[in-house]
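K.L.:
Sequence:
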Amino acid sequence: QILLPNSLPPHNPQHLQTGLADKPLELETTPEEKIDWTRSFHGLSAAPFPKEAADILLAETDPEEVEIKPDGILYLPEIKYRRILNRAFGPGGWGLVPRSESIVTPKTVTREYALVCNGRLVSVARGEQDYFSPDGIPTATEGCRSNALVRCCKDLGIASELWDPRWIRKYKAQYTREVFVEHVVNKRKSKIWVRKDDEVSYPWKELK
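Sequence positions in the sequence shown follow UniProt numbering and run 1 to 208.
Think of the hints as simulated: they come from the structure by calculation, not from any bench.
It cannot be assumed that every hint is accurate.
[Stated by the list, open to error] Subject to a maximum C-alpha distance of 30 Å in a straight line, what follows is the list of computed DSS-like cross-link-like pairs (lysine-lysine):
#	residue 1	residue 2
1	Lys191	Lys69
2	Lys107	Lys51
3	Lys205	Lys34
4	Lys187	Lys51
5	Lys107	Lys34
6	Lys154	Lys189
7	Lys196	Lys170
8	Lys189	Lys205
9	Lys107	Lys196
10	Lys23	Lys69
11	Lys189	Lys208
12	Lys51	Lys69
13	Lys69	Lys80
14	Lys208	Lys196
15	Lys172	Lys205
16	Lys208	Lys107
17	Lys187	Lys208
18	Lys170	Lys154
19	Lys154	Lys51
20	Lys170	Lys189
21	Lys107	Lys80
22	Lys34	Lys51
23	Lys69	Lys196
24	Lys172	Lys189
25	Lys189	Lys51
26	Lys187	Lys172
27	Lys80	Lys23
28	Lys107	Lys170
29	Lys69	Lys34
30	Lys69	Lys205
31	Lys154	Lys23
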């Protein structure tokens with residue numbers, strides 16, 4: 001059952017215990033037969049990954065691949081993390097496993113996931129995604145999963161420059177610009193960040 005925002009009374013701690021009734025399945029096997037990734041930490045820090053995989057994971061981030069949000073936050077699109085994992089471990093050599101039920105609050109979906117690579121647990125992180133209407137909850141659950149993947153990939157060193165303040169300042173000075181814009185609908189004026197090789201896009205219009 002999906003809990004709709006209107007059915008949630010405000011400021012009730014019980015909100016965080018309600019969700020989509022999608023608790024991870026418990027395996028009907030013994031530990032010797034199958035690893036239960038909803039609880040197991042099997043293989044965590046057991047050994048480094050092969051150099052070939054490590055070189056791909058730790059490769060320097062190409063500035064041309066990096067995007068910037070209007071508020072100035074740098075990010076690598078989620079699909080590019082998947083491509084890096086596919087190059088390092090091969091399609092099917094890694095996976096994202098839910099470790100908890102989805103939690104639905106009046107504005108956000110959140111869920112904990114584990115990243116497993118080559119049969120070993122690599123990282124556990126909680127993803128989150130905002131939504132604006134009940135119809136957006138299914139899309140938000142997918143966005144939540146992608147957000148957890150990006151957070152897990154930090155432990156593999158993927159795109160680590162995006163959390164390095166010096167690298168961020170250098171990138172913004174070289175590749176981005178701050179522009180004054182006007183919202184085409186409500187006419188609100190503000191300042192946003194864009195890449196130097198990008199045009200200001202809807203719903204903003206650049207003020208000359």
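K.L.:
Which of the listed hints are broken here?
P.N.:
2, 3, 4, 5, 6, 9, 10, 12, 16, 25, 28 and 29
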